[in-house]
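Participant: What follows is each chain in one-letter form.
Protein chains: 2
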Amino acid sequence: MSHVVKKRKLDKSRQDRLYFDSYSDVTIHEEMIADHVRTNTYRTAIQRNSESIRGKVVLDVGAGTGVLSIFCAQAGAKKVYAVEACSIAEQAVKIVKHNNMDDRVEVIRGTVETVDLPEKVEVIVSEWMGYALLHESMLNSVLYARDRWLKPGGVILPSKAELYIAPISDPVVEDRLHFWYTVKDQYGVDMSCMSDFAQRCIMNSDITVNSVTVEDVLSHPARFAELDLYSVTVEELRAVKGHFRCESFGSAAVNAFCVYFTVTFPCPDKPLVLSTSPFKPETHWKQAVLYLDAPVEVVQDTPVTGEVSMYPSEDSARHICIHVDYSIGEQKTQSKTFSIPDWSSEAQS
Amino acid sequence: MSHVVKKRKLDKSRQDRLYFDSYSDVTIHEEMIADHVRTNTYRTAIQRNSESIRGKVVLDVGAGTGVLSIFCAQAGAKKVYAVEACSIAEQAVKIVKHNNMDDRVEVIRGTVETVDLPEKVEVIVSEWMGYALLHESMLNSVLYARDRWLKPGGVILPSKAELYIAPISDPVVEDRLHFWYTVKDQYGVDMSCMSDFAQRCIMNSDITVNSVTVEDVLSHPARFAELDLYSVTVEELRAVKGHFRCESFGSAAVNAFCVYFTVTFPCPDKPLVLSTSPFKPETHWKQAVLYLDAPVEVVQDTPVTGEVSMYPSEDSARHICIHVDYSIGEQKTQSKTFSIPDWSSEAQS
Chain A
1 MSHVVKKRKL
11 DKSRQDRLYF
21 DSYSDVTIHE
31 EMIADHVRTN
41 TYRTAIQRNS
51 ESIRGKVVLD
61 VGAGTGVLSI
71 FCAQAGAKKV
81 YAVEACSIAE
91 QAVKIVKHNN
101 MDDRVEVIRG
111 TVETVDLPEK
121 VEVIVSEWMG
131 YALLHESMLN
141 SVLYARDRWL
151 KPGGVILPSK
161 AELYIAPISD
171 PVVEDRLHFW
181 YTVKDQYGVD
191 MSCMSDFAQR
201 CIMNSDITVN
211 SVTVEDVLSH
221 PARFAELDLY
231 SVTVEELRAV
241 KGHFRCESFG
251 SAAVNAFCVY
261 FTVTFPCPDK
271 PLVLSTSPFK
281 PETHWKQAVL
291 YLDAPVEVVQ
301 DTPVTGEVSM
311 YPSEDSARHI
321 CIHVDYSIGE
331 QKTQSKTFSI
341 PDWSSEAQS
Chain B
1 MSHVVKKRKL
11 DKSRQDRLYF
21 DSYSDVTIHE
31 EMIADHVRTN
41 TYRTAIQRNS
51 ESIRGKVVLD
61 VGAGTGVLSI
71 FCAQAGAKKV
81 YAVEACSIAE
91 QAVKIVKHNN
101 MDDRVEVIRG
111 TVETVDLPEK
121 VEVIVSEWMG
131 YALLHESMLN
141 SVLYARDRWL
151 KPGGVILPSK
161 AELYIAPISD
171 PVVEDRLHFW
181 YTVKDQYGVD
191 MSCMSDFAQR
201 CIMNSDITVN
211 SVTVEDVLSH
221 PARFAELDLY
231 SVTVEELRAV
241 KGHFRCESFG
251 SAAVNAFCVY
261 FTVTFPCPDK
271 PLVLSTSPFK
281 PETHWKQAVL
291 YLDAPVEVVQ
301 DTPVTGEVSM
311 YPSEDSARHI
321 CIHVDYSIGE
331 QKTQSKTFSI
341 PDWSSEAQS
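Protein sequence lines, in the order shown, are assigned to chains A and B. Counting from 1, one number per residue, gives the positions in the first sequence under this note's numbering. Counting from 1, one number per residue, gives the positions in the second sequence under this note's numbering.
Please keep in mind that the hints were generated in silico from the structure rather than gathered at the bench. Take the hints with a grain of salt, since some may be wrong.
Mimicking DSS-like on lysine-lysine, the simulated pairs with C-alpha atoms at most 27 Å apart in a straight line are [to be verified]:
#: 1; chain 1: B; residue 1: K184; chain 2: A; residue 2: K78
#: 2; chain 1: B; residue 1: K286; chain 2: A; residue 2: K184
#: 3; chain 1: A; residue 1: K184; chain 2: B; residue 2: K184
Go ahead and model the full structure; you've got the sequences and the hints to work with.
Facilitator: Structure below.
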């Protein structure tokens, strides 16, 4: 007996309270630190950028438990300001002290938009990425920090984000739709007529965060957007969009798109990429899965083309909507708008 | 990036709307029908009670997709009233028709407290059980139906519910607390001081719905309450309580209690029990896990005694609270009150 809840408009202050409350529980921090791809890529990137960090002043935007700030201190930073709005900041203070870093790492509780730093910084480090890159992301805060606190010629880690899309065939959907045809054999009641209803419920407009298996990806992913963190503006984040073109590897039934991101750290030798691709080791971001209304058959080289547009939800600026205009083979262009179900709010109507 | 949300008082009509909306999605119905223990036990119980059902009028309280109503029609019921408040009733109508049962099964959309049946009934069947038996359960509605619509001498399926408790040792908690001691080896930052915070977050007062492994159960479970559906009153459901006494199988660290239920169907030969015990095949109800504030060491035959009290939450009458007074070995009595986190509402403060 589980609850399915609907969206409701939240006023701005309540949104912020929910957002900042949510990071105080240990589970999310455990998940993030235990995500070896995430934490180790940041650690390696910070170590490889030690020439830019040694003797410099660093700002960590949304520092959480302070682990990235400590990595920067270990890489030789003269001073690290670890700015964190949630009560997890109290734990960060303890951890910094426990690692004898309290002479170099200063935890400051507050949002980066409101705190007053005693000086400008040479480096900004931040792990700001949300599901589908921009869902509940802190990128706006990073851009604020860049414009307000970064010295000219300063470094941003990571410095670039890219978004990708690929058509997929999710076998779980097929299994779940087929389930209703199996009830008669099991219990003697024919429930096959539930299949249409099940399809409407399952292939809905929610963004599902799920691990996509490599075998279920039906083409090479297509990059549809790139954000340069040195130059992108808050205004540009209100509509991140781009075209894509994929070609099917073989015969299959496309029933969804998967969207994922990479971020790139500049390094003296070659750039270091933190990838959430289904072709790479799994991260806690998994992939964002967008279900079509119904499966579409493709064969080898069938083109899957279209345009993706990502923008903040009208209900809550921290929540992302993804609109996809797409065409599969000879099919005329279809459109569907997706959003992440808002488990923090309740029925609107 | 996940949300952790807090409780908020909901007015009664909003509570009802959330409750009845939540059963319209296909997922919960798929989960319930795919729960073979649940669906097959009901089917077998209805078949074995065909002498009580044949030629009789049946009321199915909270009929969902109508599958139990069809089982009753297949067992020879003259007429089945399938009362369902959610929009899933529309699917039940289709399924009944699709199985050529529309002459015998009548789907009526509404709550059993408000619908007007054309006649009294000889049998009430209902799958009303929630997590920990009483969380979001429909038992009040079944009792209303009994008092309003059941003829004297009529049959209720199931007719009895029993609640059990046992001390357990959940290894996941141990692993999660230990995690913070492993961070230094992995990333060179000592985060062991997070362990206290982690314990407060993980061993909190939420009721966790989880599958308890047989090996983690530390004693024979103790029955602490029994509800006779022929005689129990709505008033009595406001405080379902009882004492328990368990004795530890061996040496271990108790870190939680597990609470589960059985319901019993009278049958001509011998009663049929639908059990959600960790010693029986898993059901979608799993078990309710209640974490202590800190682990307590026990040895063989250490007594674990106390009293459990279950009552509706003040915030929402459909939500259950479980209060446990307990004593482990020589320890003085401790108390803790648990509730299921309310994912359907939002921050109160």
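Participant: So, against the hints stated earlier in the document, which numbers end up violated here?
Facilitator: 3
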